[in-house]
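Asker: Please arrange chain B on chain A, whose structure you already have, making use of the hints.
If you read the protein sequences in the order shown, they are chains A and B.
Using numbering that gives the first Met the number 0, you'd call the opening residue of the first sequence number 0 and step up by one each time.
Using numbering that gives the first Met the number 0, you'd call the opening residue of the second sequence number 0 and step up by one each time.
There's no promise every hint is true.
[To be verified] Label pairs and their calculated CB-CB ranges:
1) P40(A) x Y290(B): 49 to 55 Å
2) S378(B) x L60(A): 34 to 40 Å
3) F324(B) x V28(A): 36 to 42 Å
[To be verified] Here are the simulated PhoX-like cross-link-like pairs (lysine-lysine), alpha carbons at most 20 Å apart as the crow flies:
4) K53(A) x K39(A)
5) K240(B) x K3(A)
6) K163(B) x K3(A)
Rather than coming from a laboratory, the hints here were simulated on the basis of the structure.
Beta carbons are placed, not taken as given, at the ideal position from N, Cα and C, and that holds for glycine.
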Amino acid sequence: MFKKADNNALWAIGISLVLFFIGGIITTVVPPLVDTSWSKPFENRDPAKGVTGKLSPLTDLQKQGRAIYVREGCWYCHTQQIRTLLADTKRYGWRGVDAPISTPDEFVYDDPHMFGTKRTGPDLARVGGKYDTQWHRTHFRNPRDLVKGSIMPAYPWIVANPQEFNAMVAYLQSLGRSKDWRPANDYEK
Amino acid sequence: MQPQFSKAEAANAPEGAILHDDATAKWFLVSSVAYFFIVGIIAVIIAAKFVWPDLMGTMSWLTYGRLRPLHVNGMLFGWLLAADMGLAYYVIPRLCGVKLWSEKLGLATAALWNVIILGAVVTLLAGVNQGWEYAELPWYLDVLVVVAWIMFGINIFMTVANRKYQAMYVTIWYTMGCILWTAFVYLTGNFATLFATGTNQANLNWMYVHNAVGLIFTPIGLAIAYYFIPRASNTPLHSHKLSMVGFWSLAFVYVWTGAHHMLHGPISQWLQTISIAFSLMLLIPVWAVVYNLFATMKGQWHQLRESVPLKFLMSGVVFYLLTCFQGPMHSLRTVNAIVSKTDWIPGHAHMAVLGCFSFFAIAGTYYAVPRIWNKALHSDSLANWSYWMLMIGGLGFFTTLWLGGFWQGWQWNNVSIPFIDTVIALKPIWIVRFVSGLMMFTGIVLFAYNILATALGNPEEAAV
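This is chain A alone, in the form it adopts within the complex (with noise of 0.2 Å):
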């Protein structure tokens, strides 16, 4: 079979493809038809079943900070996902409580999806509710004015314009929100 395709082209052209797309459909058509977790949005309301809450569609606001975050790059250095290791719950948690692992379901409505592949700052899929307003807007103008020895670069001119300062912070608020992990609603604003 591969002997014939060091003379014929259109052979050697059939059984290329035909390999590639064994394992292409597989890992991605496929996956989505069978766990339907991929594409169902989050909710519980049961405690006996684990954290509960429901995931919902962004606002408009959300969406505009959201389009900034996507716009400026912050998911180069900034991941999206508590993963199966208690290197992320522990350390992604807030005032010793872990933070829930993260799962697809979470993620039906994010588009495009900001998972990210590189922690050169911590990861953000819990950081709704841990920082307050002030918080933001001194950390924007400046990181290092608050984290000494942070290397993120400083964004002023989103402090300085108002509406993309209050839709940075309000998607920045949402994240991870949908399970509702905090007890008694601990959540700053």
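Answerer: Showing chain B alone in chain A's frame:
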């Protein structure tokens, strides 16, 4: 066999020889070398920003988040893929024993490619970003990429269809494979993603990201290595059978592995396990290729002393072996828990794209340009310096980021260390990375200068 020469060498060619026009190869090679230099400047600025985060930080379009996609897209598509295409336009007609099917179509492709790259610079700096890694370019540029790729594909396939030699050398399979797979991989990453969200979209995105390296740059890079290693050393390829093993296992195995970019993440466990299993199987195509190329050089290693293209080619093969050993190893769950998302990853990625595939493309360019223009290389000593600067700078860059990344991973796994302390701890790593980056950039400058000086320089000096 009919002798083959470049058109510029017509005076030395015997009667009845095939004279290759090479106009398309010329334009692709010259523009790709220019982008290598320009985007190299961006690369150095990015490395500097890790050490001095306020550097050039007063304008939005010079922030890290804007420059990084420009660096990645500029290097991948402006330099590397364009250089690879230029070399394909040079190599494929010679292996087929016919002229390129259409130089006119080729020149139009080169012009369109430059429009795409210039469009990418403007849009990325302006913050137009689709939010997908490697697929940042807006849809209108994506459409142009598809058009340019079809033009490239038609030209190569028609040349192959008209070939004089029935048997196709391994370089032709790899080039054809690259053209076909790229089409589907690119459509998945840039268009299929438009119809998906969340985890489903991420899965398509990483199928593309992984196969941009595995089924675009790997096959075209190996096509070049398979052609230029025997050519530059004047030695026949060790084994045809082994090259078949390498090619067909690559065709089957690579596409399965995209999900290993999301190990431990919010994606199905069975898919993670499949991606790990196939990542390990990648060792088959890699070792088949590497053994074949090493065995070709058996008894010929002394030639590396005199030949800059061979230096780059064989170093590239070593980096290929290393980078494709790392890949399967950090797709193992235990290793991944340490190195994933750390600075190890850019160390690994740079060894693949710079250390291996760019070294192949540089070697091909050093080999082809003097022949296309029928001139001696401007300076052999500068070429040697470009090799050592890229080699030492590259090694410094890769090894520091691995060490730093591994260390960073261990620190993250100790949750009593605050995150910011793991950032501060890496500062020395980033200083070495910047200095290594400067060395690599120097190597790029010497390479680009040498090639352009050869192409544009004194026409009297004929190649020997």
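Asker: All the hints need checking, so say for each whether the structure fits it.
Answerer: For each hint, the structure was consulted:
no. : hint                         : in the structure
1   : P40(A) x Y290(B): 49 to 55 Å : holds, 51 Å
2   : S378(B) x L60(A): 34 to 40 Å : violated, 60 Å
3   : F324(B) x V28(A): 36 to 42 Å : violated, 31 Å
4   : K53(A) x K39(A)              : holds, 11 Å
5   : K240(B) x K3(A)              : holds, 13 Å
6   : K163(B) x K3(A)              : holds, 17 Å
The earlier numbered hints that this structure contradicts are 2, 3.
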